[in-house]
Amino acid sequence: MTKGVQGALARVFFDRADTWRMLAFTVLGFAFSQAVILSTIGLMDGFEEALKGGLRRSSGDALLTHRHGFFSVDPAATAALSAAGVRAHTEILQSEAFAVHHGRTRGVLLRGVEGTSFRAVTALAVNPSADGAVVGEGLAETWGLRDGDTLTLLLAAKSGDDLPLFLPVKVQGRVRHGLHEKDSRLIYVDRAYLATQLAQPRANLALLAFPAGASVSDVERRVGTLREELPSTWNVRAAWHEFGGILEAARVEKTTITVILQLIVLVAVFNVAAFLITLRVRKTQEFFLVCAVGLPRNKFLAFGRTLLFAVWALSCACALVMVWGFDFLLAHASWLQVPGDIYLLNRLRLVLEPTDYAAVFLPAMAWIALVGWFTVRRLRTQSLLTGLRQEFA
Amino acid sequence: MSLIQLRGVHKAYGKNRVLRGLDLDVTAGELIALRGASGSGKSTLLYLIGGLERPDAGDVTVGGENLGRMDDEELALYRNLGVGFVFQFHFLLPSLTALGNILLPARIAGTDLKEAEARARSLARRLGVEAQLAQWPHELSGGEQQRVNLIRALVLKPRLLLCDEPTGNLDSKNSALVVQLLKELAQENGATLLVVTHDEKVAEAFPRKILIEDGQIIR
Chain B
1 MTKGVQGALA RVFFDRADTW RMLAFTVLGF AFSQAVILST IGLMDGFEEA
51 LKGGLRRSSG DALLTHRHGF FSVDPAATAA LSAAGVRAHT EILQSEAFAV
101 HHGRTRGVLL RGVEGTSFRA VTALAVNPSA DGAVVGEGLA ETWGLRDGDT
151 LTLLLAAKSG DDLPLFLPVK VQGRVRHGLH EKDSRLIYVD RAYLATQLAQ
201 PRANLALLAF PAGASVSDVE RRVGTLREEL PSTWNVRAAW HEFGGILEAA
251 RVEKTTITVI LQLIVLVAVF NVAAFLITLR VRKTQEFFLV CAVGLPRNKF
301 LAFGRTLLFA VWALSCACAL VMVWGFDFLL AHASWLQVPG DIYLLNRLRL
351 VLEPTDYAAV FLPAMAWIAL VGWFTVRRLR TQSLLTGLRQ EFA
Chain P
1 MSLIQLRGVH KAYGKNRVLR GLDLDVTAGE LIALRGASGS GKSTLLYLIG
51 GLERPDAGDV TVGGENLGRM DDEELALYRN LGVGFVFQFH FLLPSLTALG
101 NILLPARIAG TDLKEAEARA RSLARRLGVE AQLAQWPHEL SGGEQQRVNL
151 IRALVLKPRL LLCDEPTGNL DSKNSALVVQ LLKELAQENG ATLLVVTHDE
201 KVAEAFPRKI LIEDGQIIR
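Taken in order, these protein sequences are the chains called B and P. Per the working numbering, the very first residue in the first sequence carries number 1; after that it's consecutive. Per the working numbering, the very first residue in the second sequence carries number 1; after that it's consecutive.
Since the hints were derived computationally from the structure, they do not count as laboratory data. None of these values were measured; they are calculated from a predicted model. Don't be surprised by glycine CBs; every beta carbon is placed ideally from N, CA and C. Possibly wrong hints are sitting among the right ones.
What the hints assert, rightly or not - Only some residues are given here: those of chain B computed to face chain P with a beta carbon under 7 Å:
1) Val12
2) Asp149
3) Glu286
4) Leu289
5) Gly294
6) Leu295
7) Pro296
8) Leu301
9) Arg305
10) Leu307
11) Leu385
So that you can see chain B by itself, here it is in the shape it has in the complex (with noise of 0.2 Å):
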């Protein structure tokens, strides 16, 4: 078909200016159908990562602990952190105790800490001194608690016949991870006064730091190695394995609601079929005139096939600017923050991989194909006469 017959047909079926202004509003609607679902699917990845990076800024990028409990990390262990690209690595002592604070109790998690190393591997700035203690700003703001403050600390017996470790510490800062959970639960105290009340000078935590810049999944790759090159009796884990269950709901919510979500399209691609039923009622006469002076049918079928795809493809492309611009009030507007009370995270961005496209494009594409082909099945088959008959009666 040459460029001139493309040209004129393209005159011949857009000749109104309605139709070119229900074409523009058909485009719009299925590429807001579109957007919807990547959208929401950036949301859950983009929450995905915001809570895994929020993670390591407490944590760093991965767990070690071994089977025994309390341990040192020995030279082998340490040749193959190295080997895995372990930049950086810290020894906590932790152990469950209560806080109690003015005869209010609560249980939480105390972290022995080294400053300087637990700095090296996370993005906390936590160094407390002998007899003092970081405290999560969530239980801070709830007890009220101030530098100076004093804050006693229960520890578990060693056996049952000993009485609670008592461990009085001053308040000397606060911290926020950005989690709620760990901010209203952890407790940090100088992890050589814990272990020698504890009279335990090995740890039972290992915080492992990968190259700054590391991403999600080279962080997982990299844990992956580290199973491999450690001895069975380690344990080690990416920094968001205590959050799986709310992670794994998140990726399964992900694949619901674009299975969901499919509806908004089906929906949009009625607006198409209304669209291309219009357009067929207002040029039948058109089509088997051109066909009757001798356009192939199979060529005016083919400039349909350009018409629905040129009509996909914009709708994609709009799709794409609608998702940038969400995208772009997720960064910059205040009301689409996140609640700060919940997760200090990072800004959510919008996190769409190329699977992702493809699962909101290709069954777009295919839908639309599907409506183009019932739309013009009776052009393919009715032959010209009667066509010519019925439309010029």
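The hints should help you fit chain P onto chain B, whose structure is shown.
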């Protein structure tokens, strides 16, 4: 040798058998009137020769090519380059100007548009509608639309000019003029002319007259 040859052609629409084993031979350059009552099958015969329909049985051969054996694309090419149609209802596209309508077959054929336009203008001058070429179909009178229709049929110099009731909407004076014009243009272009008409006077103007009744040629 015949340019058009029909052998045992049958055509039915549902239970309505329109053509019943029809045979016909037409020599190149002939000027023929096809007569018959409404529903006799004369238009169906014209459209079968024009490649707008396919026979249910029998052969329609034009210039040695069996139209029934052509695929859709070959048949479209045959309609585009080999046949000029003049329809009773002018069938002009309202979204194109008169010249745009005339050049539509040339655009489809991908031929030199300048050459086609020059020919269109020459024919328009001859038919007195050159000034109307830039106008839209709804701005033209019935007679002007008919002449534009005729120019479109002739613009690619087809070897067959097929006209379905071209004078159906005209008075007797204009009918005679159109018939005379058709004959002249067909002869000048070396085209074979078949005109479907139910008008005895129109048919009388042609050297060969074919009468169809109940799907068969009577004489």
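Cross-check of the supplied hints:
Given hint, Val12 (chain B) at the interface with chain P, holds; its Cβ is 5 Å from that chain's nearest Cβ, closer than 7 Å. Checking Asp149 (chain B) against chain P by beta carbon gives a least distance of about 84 Å; that is not within 7 Å, so the hint is violated. The criterion of a C-beta within 7 Å of any C-beta in chain P is met by Glu286 (chain B), whose closest approach is roughly 6 Å, and the hint holds. Of the supplied interface hints, the one on Leu289 (chain B) holds, with its beta-carbon coming within about 5 Å of a beta-carbon of chain P, less than 7 Å.
Hint on Gly294 (chain B) holds. Least Cβ distance to chain P is approximately 2 Å, under the 7 Å limit. Satisfaction of the interface hint for Leu295 (chain B) is found here, the shortest Cβ-Cβ separation to chain P being roughly 5 Å, below the 7 Å cut-off. A least Cβ separation of about 4 Å between Pro296 (chain B) and chain P falls short of the 7 Å threshold, and the interface hint therefore holds. Taken as an interface hint, Leu301 (chain B) does not check out: its beta carbon lies about 10 Å from the nearest beta carbon of chain P, beyond 7 Å.
With a least beta-carbon distance of about 16 Å to chain P, the hint placing Arg305 (chain B) at the interface is violated under the 7 Å criterion. A cut of 7 Å between beta carbons decides the hint on Leu307 (chain B): the least distance to chain P is about 16 Å, and the hint is violated. For Leu385 (chain B), the interface hint holds, the least distance from its beta-carbon to any beta-carbon of chain P being 5 Å, beneath 7 Å.
Hint violations for this structure: numbers 2, 8, 9, 10, all remaining hints satisfied.
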